[in-house]
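These protein sequences, in sequence, are chains A and C. The working numbering applies: residue 1 is where the first sequence begins, and numbers increase by one. The working numbering applies: residue 1001 is where the second sequence begins, and numbers increase by one.
These aren't lab readings, by the way, just hints derived from the structure by calculation. In this text the structure is predicted, and so the values were computed from the model without any measurement. Ideal Cβ positions, reconstructed from N, Cα and C, are used throughout, including at glycine. Be aware that a few hints might be false.
Quick list of simulated restraints, FRET-style, between CB atoms [what the hints assert, rightly or not]: (1) Ala324/A - Asp1053/C: 19 to 29 Å; (2) Ala324/A - His1045/C: 16 to 26 Å; (3) Arg192/A - Ser1055/C: 51 to 61 Å; (4) Gly1051/C - Ala324/A: 21 to 31 Å; (5) Asp163/A - Asp1190/C: 41 to 51 Å; (6) Phe42/A - Leu1189/C: 34 to 44 Å; (7) Gly70/A - Arg1034/C: 31 to 41 Å; (8) Arg192/A - His1045/C: 52 to 62 Å; (9) Ala198/A - Lys1139/C: 50 to 60 Å; (10) Gly70/A - Asp1190/C: 53 to 63 Å; (11) Val1155/C - His264/A: 51 to 61 Å.
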Amino acid sequence: MRDEPLVLGIETSCDETGVGIVRGHTLLADAIASSMEEHARFGGVVPEVASRAHLEAMTPVVERALAEAGVKFADVDAIAVTAGPGLAGALLVGVAAAKAYSLGLGKPLYGVNHLAAHVAVDQLEHGALPKPCVAMLVSGGHSSLLLVPDVATSVISLGSTVDDAAGEAFDKVARVLGLPFPGGPHIDRAAREGSPEAIFFPRGKYDDGTFDFSFSGLKTAVARWVEARERSGEPVPVADVAASFQESVVDVLTRKAIAACREHGVKDLLIGGGVAANSRLRALAQERCDAAGIRLRVPRPKLCTDNGAMVAALGSELVAAGVAPSHLDIPADSSLPITAVTL
Amino acid sequence: MLVLAFDTATPAVTVAVHDGDRVLADATTIDARRHGELLVPAIGHVLSEAGADRSDLTAIAVGTGPGPYTGLRVGLMTAQALSTALGVPAYGVCTLDVLAHETGLETQFTVATDARRKEVFWARYGDARTRFLGPSVDKPADVATDEPVAGAGAVLYPEAFPNATGPEHPSAGALAALVVERLRAGGELDAPWPIYLRRPDAKVPAAPKKVSQ
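All chains, please: the whole structure from these sequences, using the hints.
Encoded structure:
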């Protein structure tokens, strides 16, 4: 629809410089530059490397998004940007850019919550979100269960990881198994050749009655198991370890997500974040949702990982809901709580 | 000509608007931890005080450091984004050159600013317009001098730089004046890219630690 506002969204909370453009629920552009290759040899994201890369990539990625959408700066009605949570120095580059575009174009600024943006992005693929829904966000930096009465105004935290994020556990186990960083896709691939029942790894906080997660003990259990094998001179069955580890993670995640839906009488579950690209998580979530009579929504993988489109999608929702824009003196808040959808 | 100038490479967040003849309005706040919060509101404030609209601007001038990276990037990102949004060029100037310009000195001197980690960013000048050494980053004792020294380095390390002179922090008014002068003279101006001088702190990890006893 032509008369819906055109929103440009900027995401720089970690290593991806993402710029998306949406009109209403329609995705027009999703441009991205990643500094992942620069981080890979360090085995994790190096904040200063990411911040430098954001500054280098920002204006070219914005130009690319405008070209992809076939629009000009003058057509943009609002700017949205991830204000937190994330890496402080990385967030700051995106927030500085967004403020400058807001001032330069004379258009309102919306500083938004990264996690709420991961929820809002699904509207670009599957249309308006049911109110309420439960969202599970699982990535290298986050593992959260959220109750979402309205993504523009009200997001409630049900639980989150007490130690490592799910994606972090994938990275660390990949390293133990000699698989490259980032670990998620490599473990997913290796696991397809293995048996998820070969080894029983612990399931942290499985029956504790909370919606919190813990993956640190699992990671250590895998490392111990592998080291014992190596000590006894036996080969490490990489595929079986990968499949069994992955099963432990997705078993806990899906069990708690379904329990959250049941407890709150919610019939729609959304899964987002980079780990939502995991094929076993998608399969088991579908199976358990079907059995529980819950509708499952998972955006396509490119929209699950960090991107600018999700920020634009949330910005668009805020404009539609009539939420007041942010002031130009907002900080980048590395530990922005989920209770703050906007800043 | 209407130049918007700003610098965030030191604890000073400094903004000015210059019409080619003089500074129409300027504002400086010293706050080493809030560059991102302060800069864009200050730009809006200085523009309105100058009675200028953003669409009147003909160029952006920005200090390129060296300076602490987090604050430095705020200025450069703002300059690049404003430049593309407004369709006007953005010019970069070494922040130490701005301080040098402000001294007005005609004899040899040094500019040194705080590089944190007990080091200074520094450069040496033949006069207020001529840099002949640097910019570099070093321990104050390794570049100690009895020459006049401008910038916060002289305030922080008097034992290495006993002869403090000129401004402690750069002003965007001086940055704008320097850019106007170089544009008129057809002189060289830099791209709006940061001068870092240090590589990111990151080590390639060793093999994973064992968790078993």
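Comparing the hints with the structure gives:
no. : hint                             : in the structure
1   : Ala324/A - Asp1053/C: 19 to 29 Å : holds, 24 Å
2   : Ala324/A - His1045/C: 16 to 26 Å : holds, 21 Å
3   : Arg192/A - Ser1055/C: 51 to 61 Å : holds, 57 Å
4   : Gly1051/C - Ala324/A: 21 to 31 Å : holds, 28 Å
5   : Asp163/A - Asp1190/C: 41 to 51 Å : holds, 46 Å
6   : Phe42/A - Leu1189/C: 34 to 44 Å  : holds, 35 Å
7   : Gly70/A - Arg1034/C: 31 to 41 Å  : holds, 38 Å
8   : Arg192/A - His1045/C: 52 to 62 Å : holds, 59 Å
9   : Ala198/A - Lys1139/C: 50 to 60 Å : holds, 57 Å
10  : Gly70/A - Asp1190/C: 53 to 63 Å  : violated, 34 Å
11  : Val1155/C - His264/A: 51 to 61 Å : holds, 59 Å
In summary, the structure is inconsistent with hint 10 from the numbered list given earlier, while agreeing with all the others.
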